[in-house]
Every structure is written in structure tokens, then in C-alpha cells.
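Could you put together the complete structure from these sequences and hints?
In order, the protein sequences belong to chains W and V. Sequential numbering from 65 applies to the first sequence in this note's numbering. Sequential numbering from 51 applies to the second sequence in this note's numbering.
Keep in mind the hints are simulated off the structure, nothing from the lab. The structure presented is a predicted model; accordingly, all values stated were derived computationally and were not measured. Treat each hint with caution, since some may be false.
The calculated EDC-like cross-link candidates involving lysine to aspartate or glutamate, where the alpha carbons are at most 16 Å apart (straight line), are [what the hints assert, rightly or not]:
#	chain 1	residue 1	chain 2	residue 2
1	W	409	V	151
2	V	223	V	85
3	W	291	V	177
Sample of chain W residues at the chain V side, in silico, Cβ under 8 Å [unchecked claim]:
#	residue
4	291
5	292
6	295
7	297
8	301
9	305
10	307
11	309
12	316
13	319
Quick partial rundown of chain W residues pointing at chain V, CB under 10 Å, derived from the structure [as the list claims (entries may be wrong)]:
#	residue
14	294
15	298
16	308
17	318
Backbone N, C-alpha and C define an ideal beta-carbon position, used for all residues, glycine too.
This is what each chain is made of:
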Amino acid sequence: MKRNISKLELALATIIALVLVVGLPVLNATDVVGNFTINLWGKYLCYGLLAISVDLLWGYTGLLSLGQALFFSLGGYMLGMNLMLMIGKDGQYYKAGNNPNLLPDFMVFLGHTFLPSFWRPFNSFPIAVMMVVIVPGVLALIFGFFAFRSRIKGVYFSILTQALTYAAYIFLLQNDVTMGGNNGFTDFKRILGFDIRHPATQRGLYIATALLLVAVYAFARWLTTTKFGLVQRAIRDSETRVLFSGYAAANYKLFIFVVASTVAALGGALYVPQVGIINPSELATDKSLEAVVWCAVGGRGTIIGPIIGAISVNALKSWATTKYPDYWLIILGVLFILIVLFMPKGIVGLPAQLRALFKRKPGAPELAPVPAAEAANAKS
Amino acid sequence: MKIESTQKPFLLTAEGVNKSFSGFKAITDLNFYLDAGELRTVIGPNGAGKTTFLDLITGRTKPDTGKIEFEGSHDVTRMNEYQIYRLGIGRKFQTPTVYTDHSVWENLLLSLEGSRGVWYSLFHRPDSAERDRMDEILKIINLDTQRDWKAGALAHGQKQWLEIGMLLAQNAKLLLVDEPAAGMTDVETHKTGELLLSLAGEHTIVVIEHDMVFVRQIAAGRKVTVLHQGSVLCEGSVDEVQNNERVLDVYLGRKKRHT
Numbered sequence: 065m066k067r068n069i070s071k072l073e074l075a076l077a078t079i080i081a082l083v084l085v086v087g088l089p090v091l092n093a094t095d096v097v098g099n100f101t102i103n104l105w106g107k108y109l110c111y112g113l114l115a116i117s118v119d120l121l122w123g124y125t126g127l128l129s130l131g132q133a134l135f136f137s138l139g140g141y142m143l144g145m146n147l148m149l150m151i152g153k154d155g156q157y158y159k160a161g162n163n164p165n166l167l168p169d170f171m172v173f174l175g176h177t178f179l180p181s182f183w184r185p186f187n188s189f190p191i192a193v194m195m196v197v198i199v200p201g202v203l204a205l206i207f208g209f210f211a212f213r214s215r216i217k218g219v220y221f222s223i224l225t226q227a228l229t230y231a232a233y234i235f236l237l238q239n240d241v242t243m244g245g246n247n248g249f250t251d252f253k254r255i256l257g258f259d260i261r262h263p264a265t266q267r268g269l270y271i272a273t274a275l276l277l278v279a280v281y282a283f284a285r286w287l288t289t290t291k292f293g294l295v296q297r298a299i300r301d302s303e304t305r306v307l308f309s310g311y312a313a314a315n316y317k318l319f320i321f322v323v324a325s326t327v328a329a330l331g332g333a334l335y336v337p338q339v340g341i342i343n344p345s346e347l348a349t350d351k352s353l354e355a356v357v358w359c360a361v362g363g364r365g366t367i368i369g370p371i372i373g374a375i376s377v378n379a380l381k382s383w384a385t386t387k388y389p390d391y392w393l394i395i396l397g398v399l400f401i402l403i404v405l406f407m408p409k410g411i412v413g414l415p416a417q418l419r420a421l422f423k424r425k426p427g428a429p430e431l432a433p434v435p436a437a438e439a440a441n442a443k444s
Numbered sequence: 051m052k053i054e055s056t057q058k059p060f061l062l063t064a065e066g067v068n069k070s071f072s073g074f075k076a077i078t079d080l081n082f083y084l085d086a087g088e089l090r091t092v093i094g095p096n097g098a099g100k101t102t103f104l105d106l107i108t109g110r111t112k113p114d115t116g117k118i119e120f121e122g123s124h125d126v127t128r129m130n131e132y133q134i135y136r137l138g139i140g141r142k143f144q145t146p147t148v149y150t151d152h153s154v155w156e157n158l159l160l161s162l163e164g165s166r167g168v169w170y171s172l173f174h175r176p177d178s179a180e181r182d183r184m185d186e187i188l189k190i191i192n193l194d195t196q197r198d199w200k201a202g203a204l205a206h207g208q209k210q211w212l213e214i215g216m217l218l219a220q221n222a223k224l225l226l227v228d229e230p231a232a233g234m235t236d237v238e239t240h241k242t243g244e245l246l247l248s249l250a251g252e253h254t255i256v257v258i259e260h261d262m263v264f265v266r267q268i269a270a271g272r273k274v275t276v277l278h279q280g281s282v283l284c285e286g287s288v289d290e291v292q293n294n295e296r297v298l299d300v301y302l303g304r305k306k307r308h309t
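Below you can see the structure in the form of C-alpha cells.
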């Protein structure tokens with residue numbers, strides 16, 4: 065079959081994976097790369113996972129989900145609950161002597177004296193990790209089931225995912241739901257017993273993120289070579305035809321929606337201990353939209369594209385928000401427009417675009433992009 | 051004349067079917083019976099409801115009244131597109147509808163008979179029997195050298211052939227073929243006719259067509275159905291329908307013709 069992974073791609077991917085998983089941490093451990101930098105890259109790679117999640121839906125299946133930040137944040141919240149409980153005796157209220165049941169500080173502030181029952185399982189780290197996958201996965205399953213069964217498509221699907229995200233935003237803002245309200249979760253002290261602010265712990269979290277990203281890349285790359293990948297792209301290009309080829313398109317969309325949402329959730333779960341905070345602002349509209357821009361910039365419909373997009377746009381953001389803090393959204397908007405107009409295949413598509421540009425002699429008519437082998441076939 | 055007795059159950063029956071689109075009656079009290087193994091040609095002027103009829107059989111639209119039964123026991127008006135497909139009803143659309151961004155090979159792979167489940171699609175790789183079958187189809191539809199082309203890069207006639215190839219890959223019991231010869235050269239049209247004739251018997255085929263030369267080729271000695279204003283105007287051999295007074299009135303746009 066075509067679209068199999070070439071040796072060149074495998075070699076490149078291996079080198080990049082080694083640099084990310086082994087290279088950077090070693091340089092950090094030997095003080096060549098600073099703790100701030102490694103932490104920043106950890107954040108970027110988490111965003112890379114979010115971008116892959118958007119791309120599996122948008123780039124490959126034609127489902128423009130504007131709600132992937134919701135699943136990212138939910139994953140973060142689930143792990144965050146464990147981190148909050150692990151603060152334990154380091155909490156301000158306990159130190160002051162009025163928190164004997166070791167509740168998270170915000171609960172004491174709200175007048176709680178006992179831990180709500182749904183919080184109790186989160187004392188266990190493995191259960192929290194399971195919940196990182198289960199809660200966003202089940203939400204995606206339920207939402208996707210109804211949306212796809214009702215054949216909600218195109219812009220209506222985008223609006224609906226945005227509405228779901230906004231509903232979750234409002235929900236989490238409320239203090240009554242005991243998820244930290246407006247302030248969310250922060251002031252974490254330890255993860256799995258390790259001091260969360262220690263450089264070695266942060267390095268470990270970075271390595272975990274890089275490993276997960278490599279694994280998700282490999283998984284997504286494999287997925288695109290299967291018949292499932294073919295059906296996915298067929299749904300994107302001509303969903304009606306897919307139904308008349310006997311495929312229950314809704315089942316395929318539901319499967320990839322749950323998978324993509326789980327990928328986002330895992331990214332969010334690794335994001336929270338590295339940035340040290342999770343609150344409802346992570347569910348704001350612009351967060352989901354930014355992830356869409358990363359995909360477009362990097363090159364949607366590829367797996368490496370979204371990762372490149374997430375890293376490069378966020379690197380640009382880090383620079384621009386310090387230099388020109390008031391203009392960041394304008395820069396982002398202009399970037400998106402320019403990319404859509406002039407680089408529809410993003411950074412990944414740029415080499416092919418440039419090659420085509422230089423190949424075409426001035427004045428020569430524009431040729432359809434038929435590869436050389438095909439042109440040879442056509443002559444025979 | 052191969053008009054079979056009714057002792058054998060019909061493969062497809064449509065009875066009392068009505069369908070209107072915001073007042074316009076596309077199908078009116080349509081009754082249609084199809085034997086297994088038949089190659090039936092359906093002709094009729096524009097707006098006679100030919101394509102709507104195929105839409106009703108394949109679940110793209112639902113009739114207002116009436117029933118359409120496949121193999122006697124399946125009421126397709128209660129099923130959706132992919133359920134109907136899985137009964138063994140395949141369709142080639144009027145405008146060639148292939149996956150333009152997929153290669154010719156991938157188009158066939160997507161259409162190949164077999165499970166349509168998500169898990170199957172994840173773990174099944176085409177085995178040698180399936181690859182042989184696709185090679186064979188590529189030769190039949192004359193796209194062997196274009197197998198790695200994107201389907202969107204094919205010429206119009208080639209896309210028609212690819213879509214017929216997709217029907218072959220599906221190995222459907224009933225093939226609904228909407229204007230297969232559109233956009234083809236005379237030679238290609240003739241080859242298409244030969245292909246359809248070679249499939250008749252093994253598969254049951256309904257062909258909708260305008261090109262009367264083509265109709266004469268594929269319908270020789272077979273039954274032709276004339277649709278007009280959403281119902282059957284007459285049925286019979288090509289010569290019978292072409293000399294039928296009512297057909298001459300409405301379809302050929304002439305009042306009288308002397309033979």
C-alpha cells in the first residue's frame with residue numbers, strides 16, 4: 065500500500081525523538097539547558113499533544129472541533145485533584161491549625177469540613193490517572209454519540225463543541241461544584257511523593273511528556289496507514305459517498321473523537337504539574353481557537369505538522385507577549401489569515417510549495433501537480 | 051424475449067410509491083418489479099423521476115407513501131444508506147462520485163466487500179486474495195497503470211469506470227447504475243455496455259440511460275422501463291417501447307412516427 069512510512073521519515077522521526085526524549089534532558093541535567101527552558105519545552109510538547117488531537121479531527125476527518133481545550137483542561141483537572149490532595153500538611157489552613165481533615169485550602173475557605181465523596185478516590189495517583197482518560201473519554205463518547213447520530217456536521221458541529229466548552233467553563237466557575245471555582249487548582253507541593261518544584265521532578269515530567277508525544281505520534285502515524293485512516297479521509301472529503309460505501313460514518317467519527325479527546329486529556333494532565341495551575345480560563349474560547357491555528361500553521365492533515373505548529377506558534381507567543389503584549393491576538397489573527405491564504409499546507413507543505421515555485425519557468429503555464437512517475441504513466 | 055414468470059419471488063418490488071418535494075410530485079404511484087438476474091434499462095425524459103427512484107431505493111430519501119422491498123423481506127424504506135448497502139445494493143451516481151483525494155487503488159480498497167466495522171478497519175490488511183481481486187478489477191476497468199493516481203486526476207470517463215469498478219469490488223447483488231456512459235467516447239461507451247452485459251445474470255442490474263445507441267446495445271432482448279412524471283409509462287423490449295404511441299408522445303417529443 066502507498067502512504068507507508070518511508071525510511072527517511074522514520075530516520076528523521078527517530079532523530080527528533082531522541083533529541084527530545086534524551087538530548088534535552090541530558091543537557092538540562094548537565095546545566096547546559098536551563099530549568100526554565102526545559103519547563104517551557106515541556107509546555108510546548110503538551111500543546112503538541114493538544115494540536116495532534118485537533119488535527120486527528122479537523123485535518124483527517126473534517127471535524128473542526130472547537131472544544132479540544134475542554135478535554136485538555138479536564139485531563140488537567142483530574143490529575144490536579146490528586147495534586148491538591150497531596151498538598152496535605154503543607155496547606156496554609158492546616159499549618160494554622162484549623163484543617164484537621166486535610167482538605168484542599170479552597171474548600172476550607174468555602175466552609176467545608178469533610179472531603180466531598182467524589183474527591184476521595186483521587187487520593188490514589190493511579191485512580192487519578194485512570195480518571196484523566198475516563199472522564200474526558202466518556203464525555204466525548206456521550207457528546208459524540210448524540211452529535212454524530214443526529215448527523216450534525218460542519219459549522220454546526222464546531223458551534224456545538226464550542227457551546228459544550230462554554231457550558232463546562234460556567235460549570236467549573238461555580239464554587240458549589242468544589243473544583244476550585246475561579247481560582248482553580250494551584251500551589252501544588254508534590255507529585256508521587258516528589259517535590260514538584262525540584263528541577264529533577266520537572267525534568268522527569270518533561271521526559272514523560274516527550275515520551276508520550278513520541279508514542280502518540282507513532283500511534284497516529286500508524287492509524288493513518290490503516291483502512292480506518294482511509295475511511296477517515298473519505299469522510300472528510302465526501303461523507304455521503306462513505307455512507308453509500310456501507311460505512312456507518314457516525315461510528316468512525318465517534319471513535320476518532322474519543323481517541324482525540326483522550327490524547328488532549330493526557331496532554332492536559334502533563335501540562336498541569338509543569339505549569340503549576342489549572343483554572344477555568346484554560347477553557348476560554350481563544351484556547352481552543354489557538355490550537356486550530358497551530359494545526360493550520362504547522363500543516364493539517366499531517367501528524368508532524370501540528371507538533372511543529374504548536375511549538376513554533378507558542379515560541380512566537382512567548383516572544384511576542386513580552387515584546388508586544390498588546391498586539392499578540394492581532395499577530396495571531398494576521399498569521400492565521402496569511403497561512404490560510406498563502407500556505408494552505410502550512411510549514412510542512414512549504415518545501416513542496418517552494419520546489420513547485422522554482423520548477424515553473426517564468427511564463428510557462430501552470431502544471432497540475434502530477435508526480436513524475438504518473439506523468440510517465442500517462443504517456444505510455 | 052426474456053420476461054420471466056412470476057413464480058420466482060422478485061428481487062425488488064416497489065408498490066404505490068409516492069414522493070413529492072415541496073409540492074412537486076417526483077414519484078407518483080410507482081409500481082416496479084425486478085427479477086433476480088435481470089438487466090433492466092430505465093429510460094425517461096428529464097424530470098421523469100429516474101434518479102429520485104434510485105434515491106428512494108438506496109435510502110438517500112424516504113418515500114411519502116408506499117413500500118420498497120428487497121428480496122421480499124427487507125423494507126428498505128425503513129433503513130438508512132449503509133444498512134441498505136449492506137443488503138447488497140450498490141450504486142453508481144450520475145456524476146461520478148469517487149474519493150478524489152484517494153488513489154485509484156484506495157478507492158477500490160474502500161469499496162471491497164467485507165466487514166465495515168471500526169475494529170476491522172483498524173486491524174485488517176488486504177490479503178492476497180483481496181489484492182488479486184483488486185488487480186483483476188483494475189484490468190477490467192482499464193485503470194491498471196493508473197492505480198497510484200489520485201482519483202481526482204482521472205479523466206471524466208475514467209472516473210465513471212472507477213466507480214463501476216467500485217461496484218464490482220463491492221460484489222453487490224443489485225447494481226443501480228445511473229448514466230454510466232455520460233462523458234465517454236463511443237468506444238468507451240461500447241466497452242461499458244459489454245462490461246454490464248457480462249455482469250448480467252450473476253448480478254441484477256438497473257441501468258438508467260439517455261443514450262439510445264447504448265440502450266439498444268445493453269437492452270437487446272431485455273425489458274426496458276419507461277418512466278414519465280414519476281410513474282411507469284410502459285415496459286417492454288426496446289422496439290416495443292420505441293414504437294409505443296404514448297412513449298412517442300411524451301418521451302421522443304413527437305406526435306407521430308411512421309416506421
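Taking the hints in turn, this is what the structure says about them:
Between the alpha carbons of residue 409 (chain W) and residue 151 (chain V) the distance comes to roughly 15 Å, so the proposed pair stays at or under 16 Å and holds. The hinted pair formed by residue 223 (chain V) and residue 85 (chain V) meets the criterion: a straight-line CA distance of about 12 Å does not exceed 16 Å. With a C-alpha separation of about 13 Å, the suggested pairing of residue 291 (chain W) with residue 177 (chain V) holds against the 16 Å cut-off. Taking 8 Å as the C-beta cut-off, the interface hint given for residue 291 (chain W) holds, the closest approach to chain V being about 4 Å.
A cut of 8 Å between beta carbons decides the hint on residue 292 (chain W): the least distance to chain V is about 4 Å, and the hint holds. Here the hint on residue 295 (chain W) is kept, as its CB sits about 6 Å from the closest CB of chain V, short of 8 Å. At about 6 Å, the closest approach between the beta carbon of residue 297 (chain W) and any beta carbon in chain V falls short of 8 Å, and the interface hint on this residue holds. The beta carbon of residue 301 (chain W) is positioned within 8 Å of a beta carbon in chain V (closest approach about 5 Å), and the interface hint is therefore held.
For the restraint placing residue 305 (chain W) at the interface with chain V, the shortest Cβ-Cβ distance is roughly 5 Å, inside the 8 Å limit, so the hint holds. A least Cβ separation of about 4 Å between residue 307 (chain W) and chain V falls short of the 8 Å threshold, and the interface hint therefore holds. The restraint placing residue 309 (chain W) at the interface with chain V holds, with a minimum CB-CB distance near 6 Å, inside the 8 Å limit. Nearest Cβ of chain V to the Cβ of residue 316 (chain W): about 6 Å, under the 8 Å cut. The hint holds.
Annotation: interface hint on residue 319 (chain W) holds; nearest CB of chain V at approximately 5 Å, less than 8 Å. About 5 Å separates the beta-carbon of residue 294 (chain W) from the nearest beta-carbon of chain V, less than 10 Å, and the hint is met. Against a cut-off of 10 Å between C-beta atoms, the interface hint on residue 298 (chain W) holds, since the closest Cβ of chain V lies about 5 Å away. The interface hint given for residue 308 (chain W) holds, since its Cβ lies 6 Å from the closest Cβ of chain V, which is under the 10 Å cut-off.
Nearest Cβ of chain V to the Cβ of residue 318 (chain W): about 9 Å, under the 10 Å cut. The hint holds.
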